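**Q** Start from chain A and add chains B and C with the ligands according to the hints.
Protein chains in written order, with this note's numbering: chain A, 1 to 331; chain B, 1 to 294; chain C, 1 to 251.
It is possible that some hints are incorrect.
What the hints assert, rightly or not - The list that follows gives simulated cross-link-like pairs (lysine to aspartate or glutamate, EDC-like), each with its CA atoms no further than 16 Å apart:
id : chain 1 : residue 1 : chain 2 : residue 2
1  : B       : Lys37     : A       : Glu117
2  : B       : Lys96     : A       : Glu117
3  : C       : Lys132    : C       : Glu117
4  : C       : Lys132    : C       : Glu144
To be verified - Among chain A residues calculated to face chain B with C-beta under 7 Å, some are:
id : residue
5  : Glu117
6  : Leu133
7  : Ile253
8  : Met284
9  : Leu288
10 : Phe291
FYI, nobody ran anything at the bench for these hints, they're computed from the structure. A quick note: this is a predicted structure, and the numbers were derived from the prediction, not measured. Note that the Cβ used here is the ideal one computed from N, Cα and C, for glycine as well.
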Amino acid sequence: MAPTAASRARRTPPSLGIALGMVAGAALLLAVTRELFLLQVLTFVFIFAIYAQSWNLVAHSGQFSLGHATFLGLGGYASILLARNLGLPPAVSLFVGPLLPALVGLGIGRLCVRLREWYLGMVTFGFTAITQLLVVEQFGWLTNRWDGLEAPRLLPAGLSVEGAAVGNYLIGLGLMVATYLAVASLMRSRTGLAFATIHDNELVAGVSGVDVRRYRILAMGAGGYLAGLAGALNGHTLTRHISPGVFGIEDSIWPLLYSIAGGLRTPEGPILGTLVVRLFWELMLRRLGGFESLITIVLMLAVIVRFFPQGLYPLVLRGVAAVGARPAVRR
Amino acid sequence: MILDPGVLLQVLIWGLVIGSVYMLLATGLTLIFGVMKVINFAHGELMMTGAFLTFLLWHALGLHPYLGVFVSMAGVGLLGIAVERLGFRPLRGTAKINEIFLSIALILILQNALARAFIPYFREYAQIRTPYAHRVFDLGLLNLRYDFAILLGLTWAVMLGLYLLLFRTEFGREMRGTSQNRLAAALMGIDVGRIDTASFGIGAGLAALAGSLYGIINPFSPYSGTLPAIKAFAVIILGGLGSIRGAVLGGLLYGVVEGFATFFLGGAWRDATAFILLLLVLLVRPEGIFRERA
Amino acid sequence: MASLLRGRGITKSFGGLLALDRVDLEVGAGEVVGLIGQNGAGKTTLINAITGVHRPDAGSITFDGQELTRLAPDRIARLGIARTFQIPQPFPTLTILENAMVALVFGPRASGLAEAEARARTILESVGLGGKADLPPDHLNIVELRKLELARALASGARLLLLDEINAGLTAAEIQEAIALIEGLRRQGLAILMVEHVMRVILRVCERIIVLHFGRKIAEGTPREIAGDPAVITAYLGARRAAGGGDRAGR
Ligand SMILES: Nc1ncnc2c1ncn2[C@@H]1O[C@H](COP(=O)(O)OP(=O)(O)OP(=O)(O)O)[C@@H](O)[C@H]1O
Ligand SMILES: [Mg+2]
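So that you can see chain A by itself, here it is in the shape it has in the complex:
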């Protein structure tokens, strides 16, 4: 196996620099253009980069979740209900709501603690459908069934359309960068090392003293929180509405595709992947219908998987290293 960016990520700490770079780039763009559509697309990228980051963190612990939409949707519902029914300000419910998917993540992690690979995939795949069922049927009185709920807006009312778009853009950016820094430092920490050993070999991790159960459950819980945060943010800013449609298979698949495209098990990969795939998607949509665009994107990803199994991030690193005067990154 080739040297992985995953392990380098723990040793090289350029995260702060990369974070500053992202902020600078995003600010620069804002200085140049206020094109509404572009801002919205990028806000979407920021939010779903958080979501992909969550999936990728769980994958870092060797667990490939195929039911991540469970967390995304529950985070959205919880935050929106807290804001609507209990009158919590969305700026607060945004962070409290995701505690629900975090708990659910801990539960799923506990339940599936012995499952790996295909087994884990099948079971998590099924959880999305269960959750949808529960939300629509058992909690229909609360969730308004298939019609869903209006979401209170995160920004104060009375902003201009442009002002709101810029506001959402900045909030999305801020949370994405914060998530990035949190995940990057987690991956470099003792916990990140434990995740990586579990990813590589659970048995050996165990006899080396790693509490496999605990760390696997923890990864699912943390993943649940971050995915829920993305779901809540999406509800309060972009969609302003939530319906059981969020518990769809497609929304479980996207973070996997984003992460693979960018570079699995690196904190930068999910961001890069979400950006590239989403921009490509918008460009495709100008020429093709939705169905064709989706198929094209998936085929493009297949090409990436086949020829750049480490994703695009190593390519970017190599590009930067080639351009930069000194050989960056590698020690």
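**A** Chains B and C with the ligands in isolation, oriented as in the chain A frame:
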């Protein structure tokens, strides 16, 4: 009144019919997993491809659905073969995540390709109408729909064929051998690549039958395959991955349980049954049934 | 000598195969015990039973008086037992350095990352892998991989090491080094249970040898006693000689 034996029989028959769908899906999945150690997450989408093919042959060409089923099985079987040769084979031996990626990506590709190809039909849900749609056998205690009788017969004829193939032919012996121990099979000179292709083709063909069956008794869309596939996952996990017997019995049993759960507890419970079952097993016997081979 | 590890009636079967049949064993603090037996005798299974990889069907295993058979592998490791794997099992996506750090960070020593990194480098130096510390383990050949296994076990800070054929495939000079290393460890007070086919090593460093044969302990004693035991010679040494003997790459 609720415990009227005629009604219960009716529910049982319904359970067996819908159980046939799960059985066919689960059998294909478990066959593929046994041989290739791959779960085809897009099995529900292969199923719907089968349903749409049968539908189209009937709707556009006027082909009798019970003949169309066979064409559809062959067509989707070929599609399965292509997926194995062009997709899974090049990924064999690389990281597991690549196989998972492909398996998942196929869902999106097939769903969207179907949606694209069937836009005119799937705005409204499509349904395959056989000439016997309203005919029933009056068997005294119960009224058996012609379609149900034919579907059950068809399913069991195909399952019998599969049984004969697996247990009465040299090729079936090789396939079972590969399923038990791939490496040993390869060392004994069995062309495991050919076995992979065949198992994927057969699995896809069975999914097409499941889909056509589903499409005759239910309206459907390109997205209708997901839930039955998830239930088939539950079935093969319960029945033991790679076990054909587990898939057959589990699928039927699951259909019957679902039928009765729906009947006694109401429609909301129909889809919940699978998951409750799955959760119970996860809680009660997480090892044993689940422990993967090293 | 106070016994550190104590097994009583350890039994483990796989399906119909009785891999361990009521095995008793004892390893004292600071003692080096050899474990020998033909292929399939149950040596690795015994190590798996001690480290919690396989739960024995019957019997008891205590370490420092604490019962191990119900504990998860990580708990056992943190009590101070480290092992190597007969087929080296490095973490493929970690660097060699990180591989060595894992047991330091999560083992009984529970070091912080920075301290673990420094110590791991020293230990890698000492087994001759210092130059490759920052590479992934696929840059190592089989002998180096065994050294990495050893480095990981040494790094853990365990009081008991279970070494499963770490010396297979070594040259004569490397065997000398290995002997020196093990004697050094003994002087530090570590207890070692080692599975070994290189008889020179076993006879040199072990104070006591346990012989397994089809899952049963058929002999136990000093190297001299074992070498002269007729049952051992027929069951083990004879068979190995007949089969050509010699070193053998691990399964
Ligand atoms: N996980 C397992 N499942 C089934 N059988 C096993 C398992 N592990 C070991 N065995 C069997 O138990 C017996 C003892 O195996 P073990 O690996 O302990 O032998 P060993 O003494 O270490 O041999 P070697 O010198 O070849 O390493 C063998 O017959 C082996 O096939
Ligand atoms: Mg062994």
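**Q** Each hint should be assessed against the structure and marked as holding or not.
**A** Here is what the structure says about each hint:
Only pairs whose Cα atoms come within 16 Å are accepted, and lysine 37 of chain B paired with glutamate 117 of chain A is accepted, the gap being roughly 11 Å. The straight-line distance between the Cα atoms of lysine 96 of chain B and glutamate 117 of chain A is roughly 8 Å, inside the 16 Å bound, and the hint therefore holds. At roughly 14 Å between alpha-carbon atoms, lysine 132 of chain C and glutamate 117 of chain C fall within 16 Å of each other, so this suggested pair holds. Using a Cα cut-off of 16 Å, the hinted pair lysine 132 of chain C and glutamate 144 of chain C holds, with the two alpha carbons roughly 10 Å apart.
The interface hint given for glutamate 117 of chain A is met, as the beta carbon of that residue sits about 6 Å from the closest beta carbon of chain B, less than 7 Å. Annotation: interface hint on leucine 133 of chain A holds; nearest CB of chain B at approximately 6 Å, less than 7 Å. For the restraint placing isoleucine 253 of chain A at the interface with chain B, the shortest Cβ-Cβ distance is roughly 5 Å, inside the 7 Å limit, so the hint holds. The interface hint given for methionine 284 of chain A is broken, as the beta carbon of that residue sits about 12 Å from the closest beta carbon of chain B, more than 7 Å.
Evaluation of the leucine 288 of chain A hint against chain B yields a violated restraint, the C-beta minimum of about 10 Å exceeding 7 Å. Contact between phenylalanine 291 of chain A and chain B, as hinted, is supported at the beta carbon level, the nearest pair being about 4 Å apart and thus within 7 Å.
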